[in-house]
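Based on the provided sequences and hints, a complete structural model is requested.
Protein chains: 2
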Amino acid sequence: MLLSQYFLPVLKENPAEAQVVSHRLMLRAGMIRQQSAGIYTWLPLGLRVLRKVANIVRQEIEKAGAVEILMPTIQSASLWQESGRYDDYGKEMLRITDRHDNAMLYGPTAEEVVTDIFRNNVKSYKDLPLNLYQIHWKFRDEIRPRFGVMRGREFYMKDGYSFDLDQESSTKTYFKMYEAYLRIFKRLGLMAIPLKADNGAIGGDLSHEFQVLADTGESQLYYDKAFEDMLNQDTYDVASLQKLYAAVDDEHDSANCPVDDSSLRSARGIEVGHIFQFGTKYSNAMDAAIDDANGKRTHPWMGSYGIGVSRVVAAFIEAFHDDSGIIWPEVVAPFKVGLINLKVKDETSTIFANSFYEKLLAANVEVLYDDRDDSAGKKFATMDLIGLPWQVVVGPRGAKEGVLEIKRRGTDEKQEVSVEAALDMLTA
Amino acid sequence: MLLSQYFLPVLKENPAEAQVVSHRLMLRAGMIRQQSAGIYTWLPLGLRVLRKVANIVRQEIEKAGAVEILMPTIQSASLWQESGRYDDYGKEMLRITDRHDNAMLYGPTAEEVVTDIFRNNVKSYKDLPLNLYQIHWKFRDEIRPRFGVMRGREFYMKDGYSFDLDQESSTKTYFKMYEAYLRIFKRLGLMAIPLKADNGAIGGDLSHEFQVLADTGESQLYYDKAFEDMLNQDTYDVASLQKLYAAVDDEHDSANCPVDDSSLRSARGIEVGHIFQFGTKYSNAMDAAIDDANGKRTHPWMGSYGIGVSRVVAAFIEAFHDDSGIIWPEVVAPFKVGLINLKVKDETSTIFANSFYEKLLAANVEVLYDDRDDSAGKKFATMDLIGLPWQVVVGPRGAKEGVLEIKRRGTDEKQEVSVEAALDMLTA
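As you go down the protein sequences, you meet chains E and Z in turn.
Per the working numbering, the first sequence starts with residue 1, numbered consecutively.
Per the working numbering, the second sequence starts with residue 1, numbered consecutively.
Incorrect hints may have been included.
Note that identical chains are pooled: a pair holds if it fits in a single copy or bridges any two copies.
To be verified - Under the rule of at most 27 Å between Cα atoms (straight-line distance), these lysine-lysine pairs were calculated in the DSSO-like manner:
#, residue 1, residue 2
1, 52, 63
2, 123, 343
3, 336, 52
4, 91, 359
5, 414, 12
6, 336, 63
7, 345, 123
8, 243, 196
9, 407, 91
10, 243, 63
11, 12, 126
12, 176, 12
13, 126, 379
14, 186, 176
The hints are simulated quantities; they were obtained by calculation from the structure and are not laboratory data.
Laid out in structure tokens, this is it:
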């Protein structure tokens, strides 16, 4: 992508309204812009990251047997009246009246809609287990939206819903999702600790939340350091993981902690996922039933599984940044390479940089090419700010000698290499 | 994908509420389900098609220089008050009040939001031309939603917005989009006639709509048959195309038609795209200005460019179906191949079918494999209904002899071929 034809409105100064680093850097790096409180437009750079995170979540969840659907954002209030949550939900629910005076709402979650789909379309135990998910926009009318997309009102979430014949099968599905979540965060390169959690308003008694570690995280965590080794394995020992201690600070009592000090880690965390098993709460309330093998009407056991996809983007930045800007891991970087032509008016430089750009495109390397007529200082600052994993610099001297300067973002090591060597490094 | 693990709730009977063939077949083939009037969930099969259409639109629009962003679905009413459209828009706009009593709305389109982004982030003529687009959900509170996703309330649309320094540059961008639209519809395999159109409420005086031909289309079109040849060329002669006659029936006057009868075609059409040039209407109203080369504040010329992506899915079905169901063109088919194992209890059949399934997956062929224990009649009917381009049937006799039966959907020709020959046909 040529930067001259892209839309990357970077900011030199820290915006006054942004209190956390991810919010500051997402604004400064031209990833998002606020439309109104807690509601954002995703600009090209941000959207690329959002989509990469979503795709990794999608792939891993599908490997674990979930099937993708897309439910509407606007839902009927009547479904929520059936489940009994319409009144409970309070002011965080964005309530809407349509032109025919029907009570509608912008879905903050979709247990009711998916249960309605289930009861209208699934009739037999033979169709179970069924695990449906979507990655879609949700709305929660937070009283004080803040921290950018970390606590926004309109946000992007993966929400999955499972239906099983009985508790045993449902629990199996639940831990399949638990494992899939660990795999997702590992693939993303984030250390995510699973904590036993309260089911809260959603009901039921089996629940875990997943907290990504980052120094600037919102909550204080305490956990057994054995997590760190076990989460780094290729396969997970779920039974053992479950027994490990982990708690947020208001549930942690150091006097009665089962883990001794030498094995206890404390760190800041950001909640990025939450899974629930809630039994027949919704299938009973909404009378979603199937025939079991004996022809008896049975209400399936359900679970739901959320990942805050837009929140994960912010969590990445909280975990990976320095004073100059973001440091993207390759797995979700908006582009792998930032190519800088230092002096576009120098013909040799421009021919050389253009040719290297074409070679990267031909090798399917995602590259953002700063081909603008601007100062070297500004170009370097922009590249550091947007944090692409590799920076490649073409200057007049190097161009004459046929060499490029290559730098890994986040380190200060620069190397001068030939075109061939650079291509080898960037396509490895 | 194994059908036993998929979610494909097909209907044997025509749903009473569905009046047009695309609505009927989308319900029957398990592509969509209604949540409330004009609001649908996209089930797995439908979502795959929706995404394929969106991806083709995305690729072609980006080749023509547009850059992707994602604006929120919920917008501030204040922006629409600035543009003057808040009161004009009437009851089709879904108006919302948030918990702090702010007037909001579910965006039916995004001229105001994108103009706001522009005025806050673009300062100089050097950043022009700029062409931003999104593919996102919109809401129009239709008084009588009908025909399924053809005239729904929540719908999926590609909407693009261009900013140019002056009329000349804006007109160039406009016709670049005009060409990109022709290219999109050609790549989709749909014959789309561009008709000069009214700008209506959006303002301005240059506008075209694109009508896909289908016998069951909503409007009656008259057009010069020269379109058909010219739209089939590899490059478009936009100047000549523009001079050709095309009109919808209420604008067509056969007594004064410039085309003689022998060259005039009449056909039914479905509007799937609409492009507008509206000059400085919004940049003036919202004071979005940049500095021109002389440092003078200038309001850019704008255009907007829509394609109804969810509507295109329905248009495909209107154009490609028979009495048994949908006939998907390969370019947007949810899967390329439907593989049927006629007798799952026959071990030879199942080993043979499984092995062929694995070979298709290994060759990256998208395949839906009916591995369920069900009658042959039901399996054939389902495959015909969902309309995958190729059907491959494994039966006990063929499995013993190592041959498959292969059929192109929409024809009655069946061939018995070897595994190798089948793979050659399906990977060609």
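Hints and how they fare:
no.: 1; hint: 52 <-> 63; verdict: both (17 Å within a copy, 21 Å between copies)
no.: 2; hint: 123 <-> 343; verdict: between (68 Å within a copy, 23 Å between copies)
no.: 3; hint: 336 <-> 52; verdict: both (12 Å within a copy, 25 Å between copies)
no.: 4; hint: 91 <-> 359; verdict: neither (54 Å within a copy, 53 Å between copies)
no.: 5; hint: 414 <-> 12; verdict: within (25 Å within a copy, 66 Å between copies)
no.: 6; hint: 336 <-> 63; verdict: both (26 Å within a copy, 21 Å between copies)
no.: 7; hint: 345 <-> 123; verdict: between (70 Å within a copy, 23 Å between copies)
no.: 8; hint: 243 <-> 196; verdict: within (10 Å within a copy, 69 Å between copies)
no.: 9; hint: 407 <-> 91; verdict: neither (50 Å within a copy, 56 Å between copies)
no.: 10; hint: 243 <-> 63; verdict: within (26 Å within a copy, 53 Å between copies)
no.: 11; hint: 12 <-> 126; verdict: between (59 Å within a copy, 19 Å between copies)
no.: 12; hint: 176 <-> 12; verdict: neither (45 Å within a copy, 34 Å between copies)
no.: 13; hint: 126 <-> 379; verdict: between (60 Å within a copy, 16 Å between copies)
no.: 14; hint: 186 <-> 176; verdict: within (15 Å within a copy, 44 Å between copies)
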